[in-house]
Each structure stands twice: as C-alpha cells, then as structure tokens.
Amino acid sequence: MKRRSFLKGTLAGSAVTVAVGAGLLNPRSVLAAWPESAFSAKSIPDAMSGLFGTADNKTSGAIKIKAPDIAENGAVVPVTVSTSMSGVSAIAIIAEKNGQPLAANFELASNAKGTVSTRIKMGKTMDVIAVVKSGGKLHTTRKNVKVTIGGCGG
Amino acid sequence: MANSIRIRAKASGSDVTVKALITHPMETGLRKDKKTGNKIPAHYIQEVKCEHKGKTVVNAQWGPAVSKNPYLSFAFSGAKAGDTVKLSWVDNKGKSDSAEAKVK
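Residue numbers (our numbering), protein chains in the order written: chain A, 1 to 154; chain B, 1001 to 1104.
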C-alpha cells in the first residue's frame, strides 16, 4: 500500500515538471525582455546602444575592475566591478574581443550597492570593460587580462 | 530535480551580501561535439533576478559569455538578519529555477 502511494506521488511530481518543461507555466512572461540585440551585437558601441540606448561614455576613475592580470583558463575569469559613484542603475561587463562582446548586465535597484562579481569566458588576451550607468550617463573603465588558454573553443 | 542554486546571504550592519552559485552548462552554441562534429546547441541563462520582500534588488541579463556553473555576488542595504532573499533564473530554453535563503 505504501509503495502504491509512493508511486502515485512520484507520477504527480513528474507531471508538474513536464508542464514547466513544455512552457505551460511560461516563466518567461514574468521577467522583463532580454535585450537580444545587445547580446548578439558584434561591436562594443552596438552592444552599448542595444543595452542602454546610447554608446556615449566617459572614462571614469571611480570604477574598479578586479580581475586577474593573467588568467590561466579563459573559460573561467573572475571579474568584480565596483564603483564609488552614487545612483548606479546598471553595471555591464564587456569582453572586448569576444565574438559577442557583451557578457553580462546587472540592473541595480536604488538600494543595491555598486559592486557585482561574476565569472566570464574570454577567448584570448583582451581588455575587460566595465560600463556603469549612473545618473543616466555611461562611465567606463578597462583592464587588460592575459589569457593563456582561450575559453570559447572546445 | 535537485535545486540548481546555492545561495547565501550575510548581513553586516544594514548591508547584506548575497553570493550564489548556479549549476548550469552555459553552452555558447559555438562549441562542437568532438565525436560527431555537430555544434552543441546554445543553452545558457539569460536572466537572473534577486528579490527581497517582493522588491527586485538586482535583475541581471546574461549572455553565453558567462562561465559554466555561474557565480554571482552583489550587496544591497535595507535588509536584516532573518529576512528572506529569493533568487531565480530563466535560460534560453525557457527553463527556470528559484531558491530562497535567510539572511544570516
């Protein structure tokens, strides 16, 4: 008897999984649209305007990129971007010479701190560019990372 | 399915630091299968959202250039120990997952 109810429970559970997998519960509609044009862009200005609507930016000393000088493995490059600016609404991370340079964008609420960390893939030695949107303007800074083994092939 | 997200939130004063690890292949769509020579289809997380008390704190958009089994970390203010932080992701195949953590 116990075995029977166990089987039933498992079946019910898997039915929910199937429903999610088939998109019936459609989680996509809950979230905001993903900016496809920015991520498929092949140049940095295109990526910036796809993301923020403009590519105008100023180099700023108030942004810091923490990344290794030499990354042995380009598939996993830890990057931390922090800024002392106030009113930061977004931080984007761009890998200059990747086929599709834009790696990630973080939209920050007003109570979020101006610091994000993640790990990105880099095809070869290149600059990592951090873009900080603050007060409606774009500020950038860059840091060179030497990559010994590229992270985009396989 | 075991949960794909490991999340930790730690308070220091009124600031909370959130660290999360997600288990995900993050395929770029450019890699080739060594045996068949066919391209492995792209499969990567597109959006990651973190909520505190129903309000979005961080909403991230990711491309395929984010590493496999992604890690992310950020901080925000206005939370205290015992609050719940929720993290959720959606990938390009429409799959999703979410996890909650109590601020410590």
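These aren't lab readings, by the way, just hints derived from the structure by calculation.
Note that beta-carbon positions come from the ideal geometry of N, C-alpha and C, so glycine has one too.
Any given hint might turn out to be false.
To be verified - Cβ-Cβ distance ranges computed for the label pairs, FRET-style:
#, chain 1, residue 1, chain 2, residue 2, range
1, B, 1041, A, 146, 28 to 34 Å
2, A, 34, B, 1010, 35 to 41 Å
3, B, 1053, A, 85, 37 to 43 Å
4, B, 1015, A, 144, 27 to 33 Å
5, A, 148, B, 1036, 24 to 30 Å
Said to hold, decoys possible - Computed list of lysine-lysine pairs in BS3-like fashion (alpha-carbon distance at most 25 Å, straight line):
#, chain 1, residue 1, chain 2, residue 2
6, A, 143, B, 1019
7, B, 1039, A, 66
8, A, 97, B, 1039
9, B, 1053, B, 1093
10, B, 1093, A, 42
11, A, 113, B, 1039
12, A, 113, B, 1093
13, B, 1034, A, 124
14, B, 1053, B, 1080
15, A, 137, B, 1049
16, A, 66, B, 1010
17, B, 1010, B, 1035
18, A, 113, B, 1080
19, A, 42, B, 1039
20, B, 1010, A, 64
21, B, 1102, A, 113
22, B, 1034, A, 66
23, B, 1095, B, 1010
24, A, 64, B, 1019
25, A, 66, A, 97
26, B, 1102, B, 1049
27, A, 113, B, 1034
28, A, 124, B, 1055
29, A, 124, B, 1102
30, B, 1068, A, 97
31, A, 146, B, 1068
32, A, 42, B, 1032
33, A, 124, B, 1068
34, A, 113, B, 1086
35, A, 113, B, 1010
36, A, 113, B, 1035
37, B, 1068, A, 143
38, B, 1035, B, 1049
39, B, 1032, A, 113
40, B, 1032, A, 97
Here's how the hints hold up against the structure:
1. 1041(B) <-> 146(A): 28 to 34 Å: holds, 31 Å
2. 34(A) <-> 1010(B): 35 to 41 Å: violated, 30 Å
3. 1053(B) <-> 85(A): 37 to 43 Å: violated, 26 Å
4. 1015(B) <-> 144(A): 27 to 33 Å: holds, 31 Å
5. 148(A) <-> 1036(B): 24 to 30 Å: Cβ of residue 148(A) to Cβ of residue 1036(B): about 29 Å, so the range 24 to 30 Å holds.
6. 143(A) <-> 1019(B): Distance ~24 Å between residue 143(A) and residue 1019(B) Cα, so the pair holds.
7. 1039(B) <-> 66(A): The hint is violated at about 33 Å.
8. 97(A) <-> 1039(B): With a Cα-Cα distance of about 22 Å, the restraint between residue 97(A) and residue 1039(B) holds, given a limit of 25 Å.
9. 1053(B) <-> 1093(B): Outside the cut-off at roughly 28 Å; violated.
10. 1093(B) <-> 42(A): Holds: residue 1093(B) and residue 42(A) sit about 23 Å apart, inside 25 Å.
11. 113(A) <-> 1039(B): Given that 25 Å is the threshold and the Cα spacing comes to 40 Å, the pair is violated.
12. 113(A) <-> 1093(B): Judged against 25 Å, a Cα distance of about 31 Å means the pair is violated.
13. 1034(B) <-> 124(A): holds, 21 Å
14. 1053(B) <-> 1080(B): holds, 11 Å
15. 137(A) <-> 1049(B): holds, 23 Å
16. 66(A) <-> 1010(B): This hinted pair holds, its Cα atoms lying about 21 Å apart.
17. 1010(B) <-> 1035(B): Violated, at roughly 45 Å.
18. 113(A) <-> 1080(B): holds, 15 Å
19. 42(A) <-> 1039(B): holds, 20 Å
20. 1010(B) <-> 64(A): holds, 23 Å
21. 1102(B) <-> 113(A): holds, 19 Å
22. 1034(B) <-> 66(A): At roughly 34 Å apart (the allowed maximum being 25 Å), residue 66(A) and residue 1034(B) break the hint.
23. 1095(B) <-> 1010(B): violated, 28 Å
24. 64(A) <-> 1019(B): The given pair, whose Cα atoms are some 19 Å apart, holds under the 25 Å limit.
25. 66(A) <-> 97(A): Within the cut-off at roughly 19 Å; holds.
26. 1102(B) <-> 1049(B): Within the cut-off at roughly 16 Å; holds.
27. 113(A) <-> 1034(B): Violated. Residue 113(A) to residue 1034(B) sits at ~43 Å, over the 25 Å cutoff.
28. 124(A) <-> 1055(B): Answer violated: residue 124(A) to residue 1055(B) is near 39 Å, above 25 Å.
29. 124(A) <-> 1102(B): violated, 39 Å
30. 1068(B) <-> 97(A): Distance ~19 Å between residue 1068(B) and residue 97(A) Cα, so the pair holds.
31. 146(A) <-> 1068(B): holds, 20 Å
32. 42(A) <-> 1032(B): holds, 21 Å
33. 124(A) <-> 1068(B): holds, 17 Å
34. 113(A) <-> 1086(B): Satisfied, since the Cα-Cα distance of roughly 17 Å is no more than 25 Å.
35. 113(A) <-> 1010(B): holds, 14 Å
36. 113(A) <-> 1035(B): violated, 46 Å
37. 1068(B) <-> 143(A): holds, 22 Å
38. 1035(B) <-> 1049(B): Violated: residue 1035(B) and residue 1049(B) sit about 37 Å apart, past 25 Å.
39. 1032(B) <-> 113(A): Violated. Residue 1032(B) to residue 113(A) sits at ~39 Å, over the 25 Å cutoff.
40. 1032(B) <-> 97(A): Holds: residue 1032(B) and residue 97(A) sit about 21 Å apart, inside 25 Å.
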